[in-house]
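Enquirer: Chain by chain, the residues run as shown.
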Amino acid sequence: MHSLETRKLCKTFGALTVADHIDFRLEPGARHALIGPNGAGKTTFVNMLMGALAPSSGEILLGGEDVTRIAQSSRVRRGLARTFQVTSLFRNLPVLDNVALGIAERLGVATRMWRAASAHREIIEEARELLAGLELSAEAATRVADLAYGKQRLVEIAIALGLRPKVLLLDEPAAGVPSHESRKILASLEKLPADIAILIIEHDMDLVFRFAQRITVLVQGVVLVEGTPEEIARDKRVHDVYLGEAHA
Amino acid sequence: MNTQFSGYSANPRIRWTEWLPWLAAIAFFFLMPGYLSLGARILIFILFALSLDLILGYAGIVTLGHSAFFGLGAYTAGALGAHTALSDPFVQLAGAGALSALLGLATGALILRTRALTLLMLTLAITAILLEIANKWTSMTGGADGLSGVKVGEVLGLFRFDLYGKTAFLYCLAMLFIGWWVVRRIVYSPYGAMLTGIRENAARMHAIGAPVYWRLVLIYTLSAAMAGMAGALLTQVNQFVGLNVLGLEPSGDILVMLILGGVGRMYGAFIGPVVYLVAQDYLAKQYPEYWYLGIGALLIVVVLFARGGILGILDALLRNKKAV
Chain A
1 MHSLETRKLC
11 KTFGALTVAD
21 HIDFRLEPGA
31 RHALIGPNGA
41 GKTTFVNMLM
51 GALAPSSGEI
61 LLGGEDVTRI
71 AQSSRVRRGL
81 ARTFQVTSLF
91 RNLPVLDNVA
101 LGIAERLGVA
111 TRMWRAASAH
121 REIIEEAREL
131 LAGLELSAEA
141 ATRVADLAYG
151 KQRLVEIAIA
161 LGLRPKVLLL
171 DEPAAGVPSH
181 ESRKILASLE
191 KLPADIAILI
201 IEHDMDLVFR
211 FAQRITVLVQ
221 GVVLVEGTPE
231 EIARDKRVHD
241 VYLGEAHA
Chain B
1 MNTQFSGYSA
11 NPRIRWTEWL
21 PWLAAIAFFF
31 LMPGYLSLGA
41 RILIFILFAL
51 SLDLILGYAG
61 IVTLGHSAFF
71 GLGAYTAGAL
81 GAHTALSDPF
91 VQLAGAGALS
101 ALLGLATGAL
111 ILRTRALTLL
121 MLTLAITAIL
131 LEIANKWTSM
141 TGGADGLSGV
151 KVGEVLGLFR
161 FDLYGKTAFL
171 YCLAMLFIGW
181 WVVRRIVYSP
191 YGAMLTGIRE
201 NAARMHAIGA
211 PVYWRLVLIY
221 TLSAAMAGMA
231 GALLTQVNQF
241 VGLNVLGLEP
251 SGDILVMLIL
261 GGVGRMYGAF
271 IGPVVYLVAQ
281 DYLAKQYPEY
291 WYLGIGALLI
301 VVVLFARGGI
311 LGILDALLRN
321 KKAV
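Protein chains in written order, with the working numbering: chain A, 1 to 248; chain B, 1 to 324.
Just so you know, the hints here were simulated from the structure itself, not pulled from any lab data.
Source: prediction; values computed, not measured.
Any given hint could turn out to be false.
What the hints assert, rightly or not - Between beta-carbon pairs, the in silico distance windows are: (1) Gly294/B with Glu122/A: 49 to 55 Å; (2) Ser56/A with Leu317/B: 54 to 60 Å; (3) Arg185/B with Asp206/A: 47 to 53 Å.
All C-beta atoms, glycine included, are put in the ideal place defined by N, C-alpha and C.
Use the sequences and the hints to build the structure in full.
Expert: See the structure below:
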């Protein structure tokens, strides 16, 4: 059974088609990259997978179950998590709280109203462990807004990991980060648990070719080709529409 | 600013400064026996402001209709006291809280999927509708003349509401203390942290698996119950209800009080009503025509120069002193 699958997924905004019968499969434990030129519909695709955006037609299956019409929060509880292309954090809260909020949701204690949040040691200890794994321990008490951008990108990943996802969607995890810091992010990604299926959207081709075992190329809402990094690197059409433009 | 008012990094221990309002209230009781009815009124509006802070300050729900719950609570207590034999103050309080909670649940479920201006207009519409009902349903509410002859029994069957307002003041103080205790618990709990998350970034809360809408409906319902009980207290203390508990004006007043004091910091809800109602009491005697001018000027200064309200100014002063 596939971790995540789409069948003939379509999305149109008026006359504009941003997803055109996308058939996509993510295997358990996959390291899969989704690439394509700007405006190819990559983020729209992720938004539909998450449930932030309703598809015009088609199906989304998570672990074999049709989740096309269920709410985003229910999908998250079924093991789907994402990070955002444009950093989307709780800017005025400490790093620790950013991660703890997600862990509390996963453990089902986010609706408790009586005992103090800081007395929930199980949450705080797990958050600290997670931050330690991403070398963010020193920043646990720092307000996110006061953090360097590269570190904010790591907090994005930390929040998603706190949800212990089976499927993780990384929307340009290294966007806006200088190259020496994007290496740090890549190193963190390589350390992620092997059983998580990961779909990564990324423009940094070095990162894509080092990280991904499979690559799907999306152009104007259509899957152009899918294959191993070697196959994609050799593919003439990919060179024309995408790599040709990037490496010109 | 690293001071945390809620969340996983916050220390929930009660600081000594948090006892100051209670000490001040007790001192007020003994030192200013001639002003106890004003005092009780202030305590009631603090409870009302506290209920607003819970949804506005923590959950980020902007509303111009919080008087709907305050007013419904006030009229519920009034109707129970005037039309039925239920004169026990706690029974009236419970009835008011329950009905207001019900209204909060029903209207919250209807409007909390909307945001910003739409939400603002819907909240305003709801309290306007209630005002019109209260105005027209004279057999129940007394209409424009108000509802008088509200019977309120002894508190715990022991303490009669006396002419000097001693019982009223202490009764309101006790109720406010309970309300504060509950709000403080919620604010420091995982639920409070989660609400702060919704205020900060609702999209992210969705993405970490929080059903944001239902969470908002629940806190809106709780806040409504609390506002309703504050309204009931006002009725019990005055043994009268007038139309001025509903509509835009009391909603605006409580919003101004909270913003003056400081939004999202719990004790802003204490300071705002004190400043506002004392100023109203004093200025309205001196300059009955112009007293709103003073409040307006104060509000402009606070909104332009001190976004954290009066409490924010105090915080900044204290921090500077520590830094020196």
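Enquirer: Taking the hints in turn, state whether each one holds.
Expert: Verification of the hints:
1. Gly294/B with Glu122/A: 49 to 55 Å: holds, 52 Å
2. Ser56/A with Leu317/B: 54 to 60 Å: holds, 57 Å
3. Arg185/B with Asp206/A: 47 to 53 Å: holds, 51 Å
Hint check: no violations occur; every hint is consistent with the structure.
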